[in-house]
Every structure is written in C-alpha cells, then in structure tokens.
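K.L.:
Could you put the whole structure together from the sequences, leaning on the hints where they help?
There are 2 protein chains.
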Amino acid sequence: MNDSVPVDYAAHLREHGLQVTAQRIAVMEAIVGHPHSSTEDITDVVRTKLGSVSRQAVYDTLGVFVEKHLARRIQPSGWTARYEARVGDNHHHLVCRGCDLMYDIDCAVGETPCLTADDDHGFVIDEAEVVYWGWCPTCRA
Amino acid sequence: MNDSVPVDYAAHLREHGLQVTAQRIAVMEAIVGHPHSSTEDITDVVRTKLGSVSRQAVYDTLGVFVEKHLARRIQPSGWTARYEARVGDNHHHLVCRGCDLMYDIDCAVGETPCLTADDDHGFVIDEAEVVYWGWCPTCRA
DNA sequence: TCAAACTCTTGACTGAGTCCGGAATCGGCC
DNA sequence: GGCCGATTCCGGACTCAGTCAAGAGTTTGA
Numbered sequence: 046m047n048d049s050v051p052v053d054y055a056a057h058l059r060e061h062g063l064q065v066t067a068q069r070i071a072v073m074e075a076i077v078g079h080p081h082s083s084t085e086d087i088t089d090v091v092r093t094k095l096g097s098v099s100r101q102a103v104y105d106t107l108g109v110f111v112e113k114h115l116a117r118r119i120q121p122s123g124w125t126a127r128y129e130a131r132v133g134d135n136h137h138h139l140v141c142r143g144c145d146l147m148y149d150i151d152c153a154v155g156e157t158p159c160l161t162a163d164d165d166h167g168f169v170i171d172e173a174e175v176v177y178w179g180w181c182p183t184c185r186a
Numbered sequence: 046m047n048d049s050v051p052v053d054y055a056a057h058l059r060e061h062g063l064q065v066t067a068q069r070i071a072v073m074e075a076i077v078g079h080p081h082s083s084t085e086d087i088t089d090v091v092r093t094k095l096g097s098v099s100r101q102a103v104y105d106t107l108g109v110f111v112e113k114h115l116a117r118r119i120q121p122s123g124w125t126a127r128y129e130a131r132v133g134d135n136h137h138h139l140v141c142r143g144c145d146l147m148y149d150i151d152c153a154v155g156e157t158p159c160l161t162a163d164d165d166h167g168f169v170i171d172e173a174e175v176v177y178w179g180w181c182p183t184c185r186a
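Here the protein sequences line up with chains H and P, keeping their order. For the first sequence, the residue numbers in the numbering used here are 46 to 186. For the second sequence, the residue numbers in the numbering used here are 46 to 186.
Any given hint might turn out to be false.
Here are the simulated distance ranges between beta carbons [as the list claims (entries may be wrong)]:
id	chain 1	residue 1	chain 2	residue 2	range
1	P	145	H	135	22 to 30 Å
2	H	96	P	135	48 to 56 Å
3	P	169	H	62	40 to 48 Å
4	P	59	H	126	33 to 41 Å
5	H	96	P	108	40 to 48 Å
6	P	134	H	95	46 to 54 Å
7	P	171	H	126	19 to 27 Å
8	P	105	H	151	37 to 45 Å
9	H	97	P	113	20 to 28 Å
10	H	62	P	100	40 to 48 Å
11	H	93	P	125	30 to 38 Å
12	P	60	H	185	28 to 36 Å
In short, the hints are calculated from the structure, not lab data. Backbone N, C-alpha and C fix where the C-beta goes; we use that ideal spot for every residue, glycine too.
P.N.:
Okay, here's the thing in structure tokens:
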C-alpha cells in the first residue's frame, strides 16, 4: 500500500529507539491501515486485535510515536486529534466540512512554496501545515 | 489600527443581520483589540468592561460572529480556539511552539497559490488554512 | 537469569465546549 | 412611551478529549 512504511514494525520501532510491545505494534498497524483515525478509532482497532488495551496506553504510544517522528498528529479546527504514519514529506490535508472525510494532498506545485512566509518576525519556521476546507461530492449533493 | 474594521460596531452588527447588545459590542471590541485571543481571554476582557457576562453568552456570540463572517475562528493543533476580527482576506498564521505567540502572515507571494490543490478528489474547496510552526526569538534563546 | 528501565493499567481529575429551560433584553409597531 | 414577539443571555448540569500519578507488569541487555 505504501512502500515507505516498513511491514516489519518491530524493527521499525527499534530503529527509532523504542521498546517493542504488542500494543505498540498494534497501534502502528492501526495508523498505517487506517490513516487519519482519531484516538478512539485507533483504540477500537487495537482492542479488536489484542482484546484489550487501556486508553492511556494508546495515548502514550501515540505521543511517543509523534515525538520520535514515527507518526504525525493533525488536528483540524473543531476536530479531535488524528494520526497518520506518513511522515517526512510535505503533504497536506483536504477536509470535508460536512462529514468525517479527510484526504492527503501533495504540495500544490511539487515544491514547498508555502514554507516561505513573507515576514517571519524573527521566527525559525520548521513546518507549514496546510488544511484545505471544502465539501465532498456526497455532502454537496 | 485596522481600517477594514469599522469603529461603529453597532452598525457593523446590524449590517450582518444581528441584534445589537452591549455584550456583542464588547465581544467585538475584544477580538478587534486583542486578536488571536482565546474564549477565556475574551471573556475576561468583556467582564472588565461590562462587569459580568456568562461564559455561555461569549460562546454564543463568538459562534454567531463566525457564522455571519464577522470573525474567524482559528485553532492550531493542541491549542484552544482563538478568534480574530480580520476576515475576508487570505492571511495565515505563524505560531510559536514554545509560547503563546501568534502572528498574522500575508500570503507568501501575494496571490493565493495555496488555494489550488493538485488533486481535489471532487471537493469544492472554499478555504486553505495555513499555519506556520516555529520558534520565536525569545523561545529559541 | 536478573535487575534496571521502560511500558501498561487503573482510576481520578481537568478544562474546553455543549445542552437546555427559563429570565431578560431588543426592536418593530401601535 | 408602551406592548409584544423574537432574539439573546444566564446558570447549571453535562459531555468528552486529554492528562496525571502511582503501582503492577514487561522488555532488554548484561
């Protein structure tokens, strides 16, 4: 599905200096298999696989993944946090105002024009996050 | 300070089909005078002016303002909602990861390149929201 | 195998935001 | 100016995502 994400999650975790546990692998699988899922959705997926996990373990795991750049956290206005395993590129998101739909969008012109602000106020800018808001074909009808 | 925002808030409210009340004028003044404020900050400012307002009235008012395009709601990941009275243009925001600082940023190239996604999945896109993340001079030190 | 370090569980807690019903205020009309 | 319907405001209870803390359990490297 996505070549950039290794299927050997255990090795992937170890490479990033993390201990390997069943929960972590299950969480990794969940965000790879269900990109843009909420914490609750991820918890459900993990529970389906492992039987039970505490909510806290999922929060911890996701927090660690984000910290170690194994996952990215996105949170459009008014939504709860979502997670995805696609990291390291400059892709953005397309969100429907009517439903839960969210798509990945590659940068408009193949470069990173949005990363350059006209006046940075002395900031060191390390990320430009772009969210496109609109209506999906279904909600428009 | 900003010519695009009329000082006659009562007329401004009426133009948008809203009843004029002391609370609404005070909320309007608050978001014009303190852009990027949280609901709590706005409530404080309004209370300073009027003595007391319910939290609910502020939420309602801000909700109506956003609905009638008198205000814009912004909510960077991990932050609570912020409001600003600058609407109708294509400006974006620069946010410090270390503190509460947030600046307005005009579109990088003066046009609206970010409004065009390469693949819109059939969506009707009406807004592109850009948040630049970084570190302000103070937090960097 | 063993100990140290790390991870998971449980349960209580915080705080932003929402819901709802009744009271107060606004604005058009007589 | 006074009245009345519609809108707005208030207070309080409630929801829900997310956090904190402490102890039990698991992983890892020697």
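K.L.:
All hints are to be evaluated individually against the structure, with a verdict given for each.
P.N.:
Against the structure, the hints come out as follows:
For residue 145/P paired with residue 135/H, a C-beta distance near 27 Å keeps the hint of 22 to 30 Å intact. The hinted window of 48 to 56 Å between residue 96/H and residue 135/P holds, with their beta carbons roughly 50 Å apart. Between residue 169/P and residue 62/H the CB atoms are about 44 Å apart, so this pair conforms to the stated range of 40 to 48 Å. Checked against the hint of 33 to 41 Å, the C-beta distance between residue 59/P and residue 126/H comes to roughly 39 Å, which is consistent with it.
Evaluation of the 40 to 48 Å hint for residue 96/H and residue 108/P yields a pass: the beta carbon distance comes to about 42 Å. Checked against the given bound of 46 to 54 Å, the beta carbons of residue 134/P and residue 95/H, roughly 49 Å apart, stay inside it. Distance hint check for residue 171/P and residue 126/H: the Cβ-Cβ separation is about 24 Å, which falls inside the suggested range of 19 to 27 Å. For the pair residue 105/P and residue 151/H, the supplied restraint of 37 to 45 Å holds, since their beta-carbon distance comes to about 40 Å.
Roughly 47 Å separates the CB atoms of residue 97/H and residue 113/P, a value that falls outside the hinted 20 to 28 Å. About 44 Å separates the C-beta atoms of residue 62/H and residue 100/P, a value consistent with the hinted range of 40 to 48 Å. Judged by the Cβ atoms, the range 30 to 38 Å given for residue 93/H and residue 125/P holds: they are separated by roughly 33 Å. Residue 60/P and residue 185/H have their C-beta atoms about 29 Å apart, which keeps the hinted 28 to 36 Å range intact.
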